[in-house]
Amino acid sequence: MSTRKSLPIYREPEPEPAGEGDEASRRDFLKLTAAAAVLLAGAPACDTSSPEFQEVLQRHYWELTPDDKKRIFARLEAKTKALTGVSVKISDPQPLEGVHFAYALNLTHCNGNRRCVEACARENNLPNDPQMRYIRVIELDNGSQHLEKGTAYYDPERVPQPGKFYLPVQCHQCDNPPCVRACPTKATWKEPDGIVVVDYNWCIGCRYCQAACPYHARRFNWVSPSIEPDRVNPNQGYLSNRIRPVGVVEKCTFCLHRTRNGRYPACYEACPTGARKFGNLSDPESEVRRIVENKRVWILKEELGTEPRFFYFYG
Amino acid sequence: MRFWTTFVVAVALVVGCHPREQKHETVSGVKGPDAKHAKIEPRSPMLPAYPCSGCHAGRQPKTQRYELKEFHEVRNHEFSHGEDAFWCYQCHSSKDIDKLVTSTGELVTFDEAYRICTSCHGDKIDDWRDGAHGLVVGNWNGERTKKSCPSCHDPHDPRYPSIKPEPKPAPPKGLKAL
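Residue numbers (this note's numbering), protein chains in the order written: chain L, 6 to 320; chain P, 52 to 229.
With the rest of the complex left out, here is chain L (with noise of 0.2 angstroms):
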């Protein structure tokens, strides 16, 4: 137990055999829960093994050994066969060495189809009802960023429509994310090729990430997860598009499942217009840093200093 390393709000106890109480950790607190919830129910009945009581002893995800997640994520992946009855893969990519990713956005190309939206919805499990989607794309006038006289629910027969533009928001990555700062469990954080993620099974709903946000770019769950078997994507990740369980919150993570294995994100593959562009921002050849070096980039919100890894342009 003392090699694992430590998360800095929640110390383990010392291993003295004294001096108790105090030193009470959440995870003892759980334990004795726990036990004495198996004395209520009449010990024959219950199984600590059982996969209710292995979520609830769940360590966070930067103290889980290999083994640890090999376990955490067979058990999620049959969770997701009951729930769903298709057989799933979770994996568990990490960041790459020296890859710092980030995206530009091509405003004048964009034409407010909203493919991006769908694929996205796909790509991440995104249930319909209650509908949720990682991507809104707001209708402006053209020469104006009055975003609160914009609208996401611009519906004409055909896009783009004279005298708007498009503005497609989603999570920022930011480098100094307040989403991150607001929580209080350290359930979601950035990492460090610039993504921020979020553990559900450490997750409290508390929501005020979602309320520090300023791109509105944070879903939260009110429902058990819901979604039809063939819309079930069975390439998951742990920190990514895995069926997110009730009461926690989510987001964008520019598709980590796919974008650490080489592939760009779902958004990125089926924009049709080509406006959007992804890359790694440590590379001077990809194209995103040459964008950032040569075109007049700009950032939503950049008063609030947030410093976004996703980038707006013209041209």
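Everything labelled a hint here was simulated from the structure, so no lab data went into it. Keep in mind that the hints are not guaranteed to be accurate.
[Stated by the list, open to error] Below, a list of computed lysine to aspartate or glutamate pairs in the EDC-like style, where the Cα atoms sit at most 20 angstroms apart:
(1) P:K90 - L:E290
(2) L:K169 - P:E217
(3) P:K90 - L:D72
(4) P:K175 - L:E290
(5) P:K224 - L:D160
(6) P:K227 - L:E153
(7) P:K215 - L:E290
(8) P:K227 - L:D160
[Said to hold, decoys possible] Residues from chain L that face chain P, not an exhaustive set, calculated with beta carbons under 8 angstroms:
(9) N116
(10) E123
(11) P135
(12) R138
(13) R163
(14) P165
(15) G168
(16) G267
(17) Y269
(18) T278
(19) R295
Computed from a predicted model, the values in this text were never measured in an experiment. Cβ coordinates follow ideal geometry from the N, Cα and C atoms, glycine included.
Go by the hints and put chain P onto chain L.
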């Protein structure tokens, strides 16, 4: 005084005769497949009637505008490029019908169609080469293919068409439709 004059002239000569290396002298990918550079998608396999000489061999090219028939009939109505000034042989070569011709009279293959487009629209070549303009498919850190201009812009009617959008999002539960 003479020494300094000689020195300055010598430095100027050295600098002048050794131009700094041009980093992006050619369009990326032209040199061949490379993990860092995108390959350019060849166009000729996508053309249903290529090679054009299959029909045009032995025909006299008509350089004046006239009513098209049969295979090209649709272009009578769908041609919208350069107002009335343009006709077939602005871009297609009248000497070799399987080739295209740039604004400076250079013959290029259909696979290099981007050279035709950028011989007039030169402001787009930098953006396209750097990846700011155009579609790139494949893997961000591996093999990737850059689409040529005519993949998105029909050269005979180049404006990107307006398309039907996906349905609008559902409003949050409990709120009326916006």
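Quick rundown of the hints versus the structure:
Proposed proximity of K90 of chain P and E290 of chain L is supported: the alpha carbons are some 14 angstroms apart, at most 20 angstroms. Restraint check: the Cα-Cα separation between K169 of chain L and E217 of chain P comes to about 17 angstroms, which is no more than 20 angstroms; the hinted pair holds. The straight-line distance between the Cα atoms of K90 of chain P and D72 of chain L is roughly 42 angstroms, outside the 20 angstroms bound, and the hint therefore fails. For the suggested pair K175 of chain P and E290 of chain L, the alpha carbons sit about 19 angstroms apart, so the restraint of at most 20 angstroms is met.
Pair hint K224 of chain P plus D160 of chain L holds up; C-alpha atoms about 19 angstroms apart against a cutoff of 20 angstroms. Between K227 of chain P and E153 of chain L the alpha-carbon distance is near 18 angstroms, which keeps this suggested pair within the 20 angstroms criterion. For the hint linking K215 of chain P to E290 of chain L, the alpha-carbon distance of about 35 angstroms lies beyond 20 angstroms, and the restraint is violated. A C-alpha spacing of about 16 angstroms is found between K227 of chain P and D160 of chain L, which places the hinted pair at or below 20 angstroms, so the restraint holds.
The criterion of a C-beta within 8 angstroms of any C-beta in chain P is met by N116 of chain L, whose closest approach is roughly 7 angstroms, and the hint holds. With its C-beta approaching chain P no nearer than about 5 angstroms, E123 of chain L sits inside the 8 angstroms limit, and its interface hint holds. Restraint check, P135 of chain L versus chain P: the minimum CB separation of about 5 angstroms is within 8 angstroms; hint holds. Because the smallest distance between the Cβ of R138 of chain L and any Cβ of chain P comes to about 6 angstroms, under 8 angstroms, the interface hint for this residue holds.
Among the interface hints, the one on R163 of chain L holds; its C-beta lies about 4 angstroms from the nearest C-beta in chain P, closer than the 8 angstroms criterion. Taking 8 angstroms as the C-beta cut-off, the interface hint given for P165 of chain L holds, the closest approach to chain P being about 6 angstroms. At a threshold of 8 angstroms, the smallest CB-CB gap from G168 of chain L to chain P is about 13 angstroms, leaving the interface hint violated. Proximity of G267 of chain L to chain P holds as hinted, the smallest CB-CB distance being about 4 angstroms (cut-off 8 angstroms).
About 6 angstroms separates the beta-carbon of Y269 of chain L from the nearest beta-carbon of chain P, less than 8 angstroms, and the hint is met. Against a cut-off of 8 angstroms between C-beta atoms, the interface hint on T278 of chain L holds, since the closest Cβ of chain P lies about 7 angstroms away. Checking R295 of chain L against chain P by beta carbon gives a least distance of about 4 angstroms; that is within 8 angstroms, so the hint holds.
Going down the numbered hints, you'll see the structure goes against 3, 7 and 15, while the others check out.
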